[in-house]
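K.L.:
Sequence:
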Amino acid sequence: MATAKHLHLNDNPAPNIDVYSQTVVVYEGETFDWTISGQDGSSAVAVTKSSTTWPFTETSFGVALGNGTPATVLANSAGLYQFQCTPPAPITPQNLIVAKVYYQCSDPQVPQGGYFAWQNTLNEAIVVKAGHNQTWPLVQSAPVVIPPNSTVIVQVSTSATVGDHGIGVTMQQGGAGACAQAGTPKIIVTAPPIPKPKPKHSH
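The numbers in the numbering used here rise by one with no breaks, and the one at position 143 of the sequence shown is 139.
Do not take every clue at face value.
Claimed, not checked - Calculated cross-link-like contacts (lysine-lysine; reagent style BS3-like; alpha-carbon spacing at most 27 Å):
#, residue 1, residue 2
1, Lys45, Lys96
2, Lys182, Lys125
3, Lys96, Lys182
4, Lys125, Lys96
Keep in mind the hints are simulated off the structure, nothing from the lab.
Given the structure is predicted, the values throughout are model-derived calculations rather than measurements.
My request is simple: use the sequences and hints to build the entire structure.
P.N.:
Set out below in structure tokens:
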């Protein structure tokens, strides 16, 4: 039974995501297929939301062995959600992270340990690397190559320094700057949100 993180770096037409993944990371507007491996003996699994909000139009998905069940993430739905399976996964509820989408020349603002999606809207591949004398804040090693008209999901390191991290965005062919009109893009790393303290009961 798969419990590994699903994290795709390249944009397949419709990536397959095992319903029993402990943590699923997708991006706003992405279409993917929920699938099951059948290793646990289940020929059909129901996927339902555990959180009050949910980034899909459907409230649940029925997934059978075979081609999988398509799902499309709603636009503007970035955030953390929870879901559960029937029959249940070994650890439940499971986590679903929807990464906010940023264009190749915008400035992603992401907390330490958070995910975001880079969208290359150009017809050529681009290369993203650290700017001159800048530290690289991502878990993925630099450079990150984004194919034409594609989206990749990346994660900010939990140990990245809070603040601005200048980046260089160039065309893979020829090395020309891809963001001349937008100036110098950067990744803005913020501190993760602090959990709200639980209210103390007074007697």
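K.L.:
A separate judgement is required for each hint: does it hold in the structure or not?
P.N.:
Against the structure, the hints:
no.	hint	verdict
1	Lys45 x Lys96	20 Å, holds
2	Lys182 x Lys125	10 Å, holds
3	Lys96 x Lys182	16 Å, holds
4	Lys125 x Lys96	20 Å, holds
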